[in-house]
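So the protein lines, in turn, are chains A and B.
Using our numbering, read the first sequence as starting at 508 and increasing by one per residue.
Using our numbering, read the second sequence as starting at 1273 and increasing by one per residue.
Note that these hints are calculated values from the structure, not bench results.
Check the hints yourself; a few may be wrong.
[Claimed, not checked] To spell it out: a stretch of chain A is covered by chain B in this simulated footprint if at least three of its residues, at any positions, have a beta carbon under 8 Å from a beta carbon of chain B; those stretches are: (1) 520–533; (2) 591–598.
[Unchecked claim] Facing chain B, according to a computed beta carbon distance under 7 Å, are these residues of chain A, among others: (3) V617; (4) Y618; (5) S621; (6) R622; (7) G624; (8) L625.
C-beta: ideal position from N, C-alpha, C; glycine also.
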Amino acid sequence: MDYHPYLPVVFFLFFGLLFAFGSVFGGALLGRTTYNRAKAEAYECGIQPTPQAHEGGRVPVKYYLTAMLFIVFDVEVLFLYPFAVAFDQVGLFSVLAMLLFLVVVSVPFVYEWSRGGLEWD
Amino acid sequence: MGGSMFVAPEINYVALLPMIIVFVGGLVGVTVEGFASRRTRYAVQVPLSVATLVLALVALILLGQDNQGLTAADTVALDGVALTLQGLVLVLSILGLLAMSERFGGDQPDAFTQSGVSTPGSAEETLATKVGATTTEIYPLTLMSVGGMMLFVAANDLLLLFVALEILSLPLYVLSGLARRRRLLSQEASLKYFLLGSFSSAFYLFGAVLLYGYAGSMRFADIAAAITSGVGMDGLLVPGVLLVAVGLLFKVGAVPFHAWTPDVYQGAPTPVTGFMAACTKVAAFGAMLRVLYVAVEGARLEWQPVIAVVAALSMVVGALLSIVQTDVKRILAYSSIAHAGFILTGVVALDVAGVSSTMFYLATYGFMTIPAFAIVALVRSAGTEATLVDQWAGLGRRSPWIAACFTFLLMALAGIPLTSGFTGKFAVFSAAVSQGWAWLAVIGVLASAVTAYIYFTLVVQMWLGDEAGDTVVVRPSWMTSVAILVGVAMTLALGIMPSPVLDLAQSTAAFLR
């Protein structure tokens, strides 16, 4: 069976749109609707959206510190994963390069730790 | 992919040693920040960071010449241009670091915030001030930025160029937000710089992707080869070149990508502004020269007119808007926009004289900018910098030496003969004229005349104006004095005897491809 190489893209586009619109309208048509306070508020990744900064509310900096630390380790794993998969092909050079990468990532982590960045209170 | 084995690239670590020294110095600096007590941090960080840069400069001078060549899978080109500009970045950043260490006669720890996380005006801030807190993280941040700049001028690959761009930019975004006084203005500057900087990085990346689509490679040599042989997808080439140019023109603050410059130069801590103005220009113009001259030289008919128009706009807009400024830091910011235009005049020439005159101009601009901003940081009123022109009135009678130095630097910025400003402008304009860009040189000369007006207004205020109330000039520390005196001496030396440095620039102006 011979088909155009871009045919999967068309299918993907079609089902993607179908899923998006289907979910939105299907939910509105079939679902039961209840409202409460939490649903009416803006979604802010687990922190209280009000009062906002200009109304006197403050987002604790330690929240960002933890989030940034998560990103650092997240990206670290992102780089380690393809390395681990191709480990048997890439040789000693890449092991050393990866070790260097881990050391470099650790230095700011040690800095943050020793300066009390990991103490919540 | 199936059978192809991974081959480790040949890396000439000796040739990369100057950059490695700077990065290791930065990492050691971060570690010191973690373990040294608050009292000892400054005393450790200043010598550590200056020694790192001096060591890197020594390594560059001793090893650079004999280790020229392409390395790390041809992604790094250590040729005459790269080595000269790396050396220039190192020298200028040493002066910049010395100016950053200024402590205003013990009146304040330094120009940097007591506690970056505290709300300006809050009780936490007062407490941090009481215990004498300051942000000594600026030293490792500066080292990281310098390392990125050194890589930026040597990058021979669009992807590595992007990595270097981010390494040099991210510390600068943070440094801009760390002023001790007028903290909100500083944080605003930092945010603006960050947002616009990420935006321009996105432009650069999009351009790099288009060029990759065109040439099938990120290497400059491969892109140049693809243009020569003509792969027939010119629709990708021209937008790619122009979008990459946008990213680089943003970094140097050329019109119409200059909007961040005045606000960031004004808001950032003044010694950081000096470092940023001088060293970022060197790095960004170095990278621009390599991209335009090595990678896309074959598409010159497309990009040369665009760069020429940007140069003309930068000179005109920078000069005209500097006239209406009332703040010394903003005058210097608009002057830097005009200077970006002057330097672009050299870039447009597209021959060996274009490279050497651009490098020479970068040296002259760097040596006059760092001391100028170092002096701005010293003129104070009520504990903060007195940056309004009116507050500088009568400075000549109160502190004749500082006023004399600043007057001389202003004359250099205006391009008066016997200063390096004149020889630098002469070099770039004659390079442009010899390649048939006379109209650009005419605009350049007229723009210089216009900028001279605001500099002389400032000079007249300093020497003939009535003394302004409570403006004081802090006695500079010996380190700041060294930075100012070296800058002034170099400005004079390059104005009177430019030939040694011009010869150096000419003899190193060839790119390895």
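Hint numbers not upheld by this structure, sorted from lowest to highest:
1, 7, 8
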